[in-house]
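Place chain B on chain A using the hints.
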Amino acid sequence: MVEKTVTIKNRAGIHARPAALLVQTANRFSSSIFLEKDGEKINGKSIMGILTLAATYNSPIKIIADGSDEEDALQTICRLFETRFEEE
Amino acid sequence: MKKITVLDLLQLDLRDRDALDLKCIAGRSGLVRELKVPEINRPGLELSGFYDNFAFQRIQIFGRGEMAYLEKLAGEGKTETLEKLFSCEIPCCVFTHSQAPTEDFRRIAERTGCTVLQTDLPSSEFTTRILRVLSNIFAPKQSVHGVFVEVFGVGVLIMGDSGVGKSETALALIERNHRLVADDLVEIRRVGGNILIGTGTGVSSHHMEIRGLGIINITHLFGVGAIRDKKQIQMAVRLEDWDPDKNYDRIGAEENFMEILGVQVPYIVIPVKPGRNIPVIIETAAMNERLKKMGYYSAKEFSKNVMRWLETESAKAIFLSET
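Respectively, the protein sequence lines represent chains A and B.
With our numbering, letter number 3 in the first sequence gets 3, and the count goes up by one each step, no holes.
With our numbering, letter number 273 in the second sequence gets 1273, and the count goes up by one each step, no holes.
Chain A extracted, bound-state conformation (with noise of 0.2 Å):
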C-alpha cells in the first residue's frame, strides 16, 4: 500500500468534471483507491463520492493505492492533481 498528500490546486475544487476525469483514471488501473479528507475515506472509483468530500481550493487530500499497479496509479493520479484536472 502506498500514499501521498496531494493540495487541490484547481480554484473551482473538484467539482464534476474533474471528479469524472478521476474516476475514469482511476478505474484503468487494477489496485484499489481511496481519497481521504478530513478523516473521511471514498472510493476513488465512484464519482458520487468523489463530490460528496466536498474537495475545495487548497484543502488537502491523501490518496491511498493499494494493489499490483499502486506505485503506477499513484503517480497518475498525483499527477492529475499537480496539473489541475487541465483546467485554468
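Simulated from the structure, these hints should not be mistaken for lab results.
Misleading hints may appear alongside valid ones.
[Stated by the list, open to error] With a straight-line Cα cutoff of 27 Å, these simulated DSS-like cross-link-like pairs (lysine-lysine) come out:
| # | chain 1 | residue 1 | chain 2 | residue 2 |
| --- | --- | --- | --- | --- |
| 1 | A | Lys37 | B | Lys1304 |
| 2 | B | Lys1078 | A | Lys9 |
| 3 | A | Lys4 | B | Lys1316 |
Keep in mind it's a predicted model, so treat the numbers as computed, not measured.
Here is chain B on its own, set in the frame of chain A:
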C-alpha cells in the same frame, strides 16, 4: 428516388384526414405519367389564354370557378385553349366537388392521354390534403438498420451492431407496455422541415426476429396496444459491447447529437454487458429526455449544486483561516 406516378397517387392507402377520395374518370392511359413536383396549380389564367410561366408539371386542379369557365367555353364552342392546355405535358387534372368535365375536355384528355381525376372534396380542403400527402411522398428519406420503439411517449431509435441485442431489448420494452414501431429496417422521412418520422417497411413491420424463436408477430402476441404505425424520432440510442478502454459518459452534462437527414437528434451510447438491464436503462433515458424537454436537466442541475456547495465550503475555509 422511385418514380411517383398518377397511379401511385390513386393507390395510396390514406385514412381520415388525409383521404383524397380520388377516382379516375377519363384518360386511363395517362396513369403512368410521373409526378415530378409536390405542388398544385389552379389553371384559371391558362384557360383564359395566358400561358407565361405556366407550371405545367404540377397537378392541375379544377374548382367551381374553372368549371364555370370550361362550361362557358363549351357554350361558345371554343376548344383551342383546351388543346393548348393538353399540349403541355401536365401530369393529371383533378375536378373537385364531384364535378364532371365537359365533353370537349374529356375527349381531348382521352386523345392526349392525360388522366382526369375526380374527388367529392371541396377545392380548398382537397388542396390542403393533397399538399400534405405530396409533401410526405416527396420528403427526404433514409433507411436505418435498427429497432424503433415508443417508450413513455418518446420515439426511441435503437441502433447497434448485429447481435448486440436490439430486438431482445425492444421485446423487453414491449413486455413493459411500450410500443413497437418497426424492427430491423426503419424508414425515416423528414417532414415539415425538421420533424423526423419513422415507420416500418410494409410487410415486415410489427414482426420481429428473435434468435432461437424465429419470426414472431407482435400484434398477435401482445395486441394492438403494443404497436404503432409511425412515430416522431426524438432520441437515438446506440448499443455497443462494453469496451473497457473506452470512457463512457459518467455525468451526462454534455448533450450529444446524431444527425439524421440534417436534423439533430439527442444521442446516447449505452455499453452492454451482463448485469446491465438495457430496457430499464432505455426507459430511464426516455424519461430523462422528457424531463429535459420540460426544462429540468438532472446532470446540469446536479453539477450546479455541487459547484455552489464547493464555493460555500471554500468561503468557509478561507473565513476560518483568517480568524
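Exercise. Mind listing which of the numbered hints don't hold for this structure, in increasing order?
Key: 2
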